[in-house]
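All chains, please: the whole structure from these sequences, using the hints.
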Amino acid sequence: MSKNFIKILLIFLLTLICFYVSLPKEIPIKFNLAGVKIDRIINRHDLDLKIGNFVLKKNFDLVLGLDLAGGSHLVFEVDTGGIDDERKKIAVDAIKNIMEKRVNLFGISEPNVQTSSFEGKDRVIVELPGVRETQQAIDIIGKTAQLTFAELGGGEEDGLIPTDLTGADLKSSDVVFDQTSGKPVVLIQFNEEGAKKFEQLTEKNLQKPLAILLDEEIVSAPVVQEKITGGSAQISGEFTLQEAKNLSIQLNAGALPAPVSLVEQRTVGATLGAESVQKSVVAGAIGLVMVMVFMVLNYGKLGLVANIALFVFGVITLALYKLIPVVLTLPGVAGFLLSVGMAVDSNILIFERFKEERPKRTLADALEVSFGRAWDSIRDANIATLVTAFVLANPLDFNFLHTSGPVRGFAVTLSLGIVISLFTGVVVSRNLLRAFVKQRHE
Amino acid sequence: MDWMKHRKIYFLISGALIIVGVFALIKWGLNPGIDFRGGTIAEYHFNEGISTEEITRSLEEEGIQVFSVQDTGEGKYLFRLPALGSQDQEKIKRIFQESTEGSDSEELRFETVGPSVGPELVRKTIYAAAIASLAILLWVAFQFKSLKFGVSAILAMFHDSLCLVGVFAIFGHYFEVEVDFLFVTALLTTLSFSVHDTIVVYDRIRETQSKLGGGLYDIANRAVTETMVRSLNNSFTIIFMLIALVLLGGETVKWFAAALFVGTVLGTYSSPFVAVPLVVFWDEVEKKIRFR
Numbered sequence: 001m002s003k004n005f006i007k008i009l010l011i012f013l014l015t016l017i018c019f020y021v022s023l024p025k026e027i028p029i030k031f032n033l034a035g036v037k038i039d040r041i042i043n044r045h046d047l048d049l050k051i052g053n054f055v056l057k058k059n060f061d062l063v064l065g066l067d068l069a070g071g072s073h074l075v076f077e078v079d080t081g082g083i084d085d086e087r088k089k090i091a092v093d094a095i096k097n098i099m100e101k102r103v104n105l106f107g108i109s110e111p112n113v114q115t116s117s118f119e120g121k122d123r124v125i126v127e128l129p130g131v132r133e134t135q136q137a138i139d140i141i142g143k144t145a146q147l148t149f150a151e152l153g154g155g156e157e158d159g160l161i162p163t164d165l166t167g168a169d170l171k172s173s174d175v176v177f178d179q180t181s182g183k184p185v186v187l188i189q190f191n192e193e194g195a196k197k198f199e200q201l202t203e204k205n206l207q208k209p210l211a212i213l214l215d216e217e218i219v220s221a222p223v224v225q226e227k228i229t230g231g232s233a234q235i236s237g238e239f240t241l242q243e244a245k246n247l248s249i250q251l252n253a254g255a256l257p258a259p260v261s262l263v264e265q266r267t268v269g270a271t272l273g274a275e276s277v278q279k280s281v282v283a284g285a286i287g288l289v290m291v292m293v294f295m296v297l298n299y300g301k302l303g304l305v306a307n308i309a310l311f312v313f314g315v316i317t318l319a320l321y322k323l324i325p326v327v328l329t330l331p332g333v334a335g336f337l338l339s340v341g342m343a344v345d346s347n348i349l350i351f352e353r354f355k356e357e358r359p360k361r362t363l364a365d366a367l368e369v370s371f372g373r374a375w376d377s378i379r380d381a382n383i384a385t386l387v388t389a390f391v392l393a394n395p396l397d398f399n400f401l402h403t404s405g406p407v408r409g410f411a412v413t414l415s416l417g418i419v420i421s422l423f424t425g426v427v428v429s430r431n432l433l434r435a436f437v438k439q440r441h442e
Numbered sequence: 001m002d003w004m005k006h007r008k009i010y011f012l013i014s015g016a017l018i019i020v021g022v023f024a025l026i027k028w029g030l031n032p033g034i035d036f037r038g039g040t041i042a043e044y045h046f047n048e049g050i051s052t053e054e055i056t057r058s059l060e061e062e063g064i065q066v067f068s069v070q071d072t073g074e075g076k077y078l079f080r081l082p083a084l085g086s087q088d089q090e091k092i093k094r095i096f097q098e099s100t101e102g103s104d105s106e107e108l109r110f111e112t113v114g115p116s117v118g119p120e121l122v123r124k125t126i127y128a129a130a131i132a133s134l135a136i137l138l139w140v141a142f143q144f145k146s147l148k149f150g151v152s153a154i155l156a157m158f159h160d161s162l163c164l165v166g167v168f169a170i171f172g173h174y175f176e177v178e179v180d181f182l183f184v185t186a187l188l189t190t191l192s193f194s195v196h197d198t199i200v201v202y203d204r205i206r207e208t209q210s211k212l213g214g215g216l217y218d219i220a221n222r223a224v225t226e227t228m229v230r231s232l233n234n235s236f237t238i239i240f241m242l243i244a245l246v247l248l249g250g251e252t253v254k255w256f257a258a259a260l261f262v263g264t265v266l267g268t269y270s271s272p273f274v275a276v277p278l279v280v281f282w283d284e285v286e287k288k289i290r291f292r
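Read top to bottom, the protein sequences are chains A and B. Going by the numbering used here, the first sequence opens with residue 1, and the numbers climb by one from there. Going by the numbering used here, the second sequence opens with residue 1, and the numbers climb by one from there.
Each hint should be verified, as a subset may be incorrect.
[Said to hold, decoys possible] Below are the DSS-like pairs computed for lysine-lysine, each with C-alpha atoms no more than 25 Å apart in a straight line:
no.: 1; chain 1: A; residue 1: LYS279; chain 2: B; residue 2: LYS254
no.: 2; chain 1: A; residue 1: LYS197; chain 2: A; residue 2: LYS227
no.: 3; chain 1: A; residue 1: LYS25; chain 2: A; residue 2: LYS57
no.: 4; chain 1: A; residue 1: LYS171; chain 2: A; residue 2: LYS143
no.: 5; chain 1: B; residue 1: LYS211; chain 2: A; residue 2: LYS355
no.: 6; chain 1: A; residue 1: LYS245; chain 2: A; residue 2: LYS183
no.: 7; chain 1: A; residue 1: LYS245; chain 2: A; residue 2: LYS30
no.: 8; chain 1: A; residue 1: LYS183; chain 2: A; residue 2: LYS143
no.: 9; chain 1: A; residue 1: LYS143; chain 2: B; residue 2: LYS93
no.: 10; chain 1: A; residue 1: LYS279; chain 2: B; residue 2: LYS76
no.: 11; chain 1: A; residue 1: LYS438; chain 2: A; residue 2: LYS360
no.: 12; chain 1: A; residue 1: LYS360; chain 2: B; residue 2: LYS91
no.: 13; chain 1: B; residue 1: LYS91; chain 2: A; residue 2: LYS245
no.: 14; chain 1: B; residue 1: LYS254; chain 2: A; residue 2: LYS143
no.: 15; chain 1: A; residue 1: LYS301; chain 2: A; residue 2: LYS7
no.: 16; chain 1: B; residue 1: LYS93; chain 2: A; residue 2: LYS245
no.: 17; chain 1: A; residue 1: LYS197; chain 2: A; residue 2: LYS208
no.: 18; chain 1: B; residue 1: LYS288; chain 2: B; residue 2: LYS8
Hints were generated in silico from the structure; no laboratory data involved.
Right under this line is the structure:
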């Protein structure tokens, strides 16, 4: 077997595997041919291998971004005014973790919470897939939820004096219904130290009101009837059930160490997302056909080879999106489309070269020379594009460059496209052409 | 073909393009979208037809300022509003429910950006462009072992970006096109495409120079002739994909594709008609200085 044959076989196998991975999960097949009716759904299986202790599991589904799947992108800015630089990072990280907890408790799966710091501004980015109750999610995530117990001062004008008993002393909280009023209340359970503090506090303030403050607003101020031991208390404000649940979530996750404010919100409904997906597929198909027709019209049989390479390009790219996985957004789709347009550039360079070299040499020779000479340009030009794409994609997460958003989504698919097109435009088409040339000779 | 004979004309064309662009930029500036300026874009779908005047009035009665309402077809409406809090979002929903008498309205998207986000985006973009330019300059200078090529490629690249920005200043003035996140992406892609195309021609110059030798003027002519078809064909395939992108639909994507289209055309033009003439011009000046 010749080296060329082995290479082609390898390329074929790779394409076959990638083609399988790139298939959608369910492929409905419906046709009616000469009385034979076929109407069934073919399932593409995911990777689920188990050999001894070795387990290999991989899901072959495209990961869609919020603008395609629907969801909310929220950016909160942390007010780090009162915090010194050293503790800033700790506070922001704590906020991130608490927000993550709150989102999870709210019942949203796979939230993505990350921090970003740029020229003294600290932000926390929260991405919620497929949320309908955006408003509520924002309320729960963005509230500081600092719980404090305050006692009445001795003098007339002293007002409320906050004590050292706070939300930090909680073990857990829960929503229950008050036995007498039937209204939802939040039941809190103190930890050991909190229970001790609470006991002392209730003892000291017998027959006096003890105020419960949430973010410096009075929720309730019940009068203490007796010393409370055992470390549990009840917050009974005028809550709706939802409000009580939200408060409970916030208390369970903990208070934010610094207040935050929402500076950016991007919500895309599922309908619009699905519409965009459909349009992307149609647009991709139309573009692909145009490019393919153009290549055949311009380069004839060579164009066909380029089209096979382009098909391999598409299949590998899709498979890699699924395997890495790349979170596909609308700008990401744009990057992919652009990379298709650029993928045939290597072939165009080679074929134009071939036109020049052909009169001077034999067919096989001309091909080899064209590939060899065009390679320098292809390499140099693509490295320049890759450099830009890399700066935009910011794979090292530098804070002074784009850390999220559409620019990055675009750059990731564009750089991936360039790398794959180097392989398909040069390696794949070269080996295919070699095989065809050989056949002609034999 | 003797392309380089007309290099003064190319410089004149480019000079005129830049002057018009800079003029538009100074006179009108760019029309910043919500990504830069802050604000809200919200798109809703109504089951029954609505009167935009009525909706606007009921929103403004409730204290929500409306910049514009745009009918995007199929019962969809795009609202441009100032930056809003999440309470206002609920309020809008309520108002819609009331003023359409219970007819269903669906929130397709709701994007609101605070005014503090824009400056950060601008800064990050400048950093990204600066780093990318520097890296490309170093790469080209290293690869061609000459600052002449590197600087000329970068100048051609700036030429393209400046013209693109100028074109969008004009678009912004006449068609109210806003520049957003995606425009920034298109601008940076133009940077890389411009250099990509230039390098292919430079590569030809280098190859011919080492094989045949001779004056740069003739070699440049030859290289431009030999790469012209490839350059055009490559641009065509990209433009095909951009047409496909327009089919993706939506106001934002349409202008994104337009920006990439202008960038592609400029990038294709600038390689033989800016980048190469610059190298030839530089070479001549260099020689004159040496002879003196």
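So, going through the hints one by one against the coordinates:
no.	hint	in the structure
1	LYS279/A <-> LYS254/B	holds (13 Å)
2	LYS197/A <-> LYS227/A	holds (11 Å)
3	LYS25/A <-> LYS57/A	holds (16 Å)
4	LYS171/A <-> LYS143/A	holds (20 Å)
5	LYS211/B <-> LYS355/A	holds (19 Å)
6	LYS245/A <-> LYS183/A	holds (12 Å)
7	LYS245/A <-> LYS30/A	violated (49 Å)
8	LYS183/A <-> LYS143/A	holds (23 Å)
9	LYS143/A <-> LYS93/B	holds (22 Å)
10	LYS279/A <-> LYS76/B	holds (17 Å)
11	LYS438/A <-> LYS360/A	holds (19 Å)
12	LYS360/A <-> LYS91/B	violated (76 Å)
13	LYS91/B <-> LYS245/A	holds (23 Å)
14	LYS254/B <-> LYS143/A	violated (38 Å)
15	LYS301/A <-> LYS7/A	holds (21 Å)
16	LYS93/B <-> LYS245/A	holds (23 Å)
17	LYS197/A <-> LYS208/A	holds (17 Å)
18	LYS288/B <-> LYS8/B	holds (18 Å)
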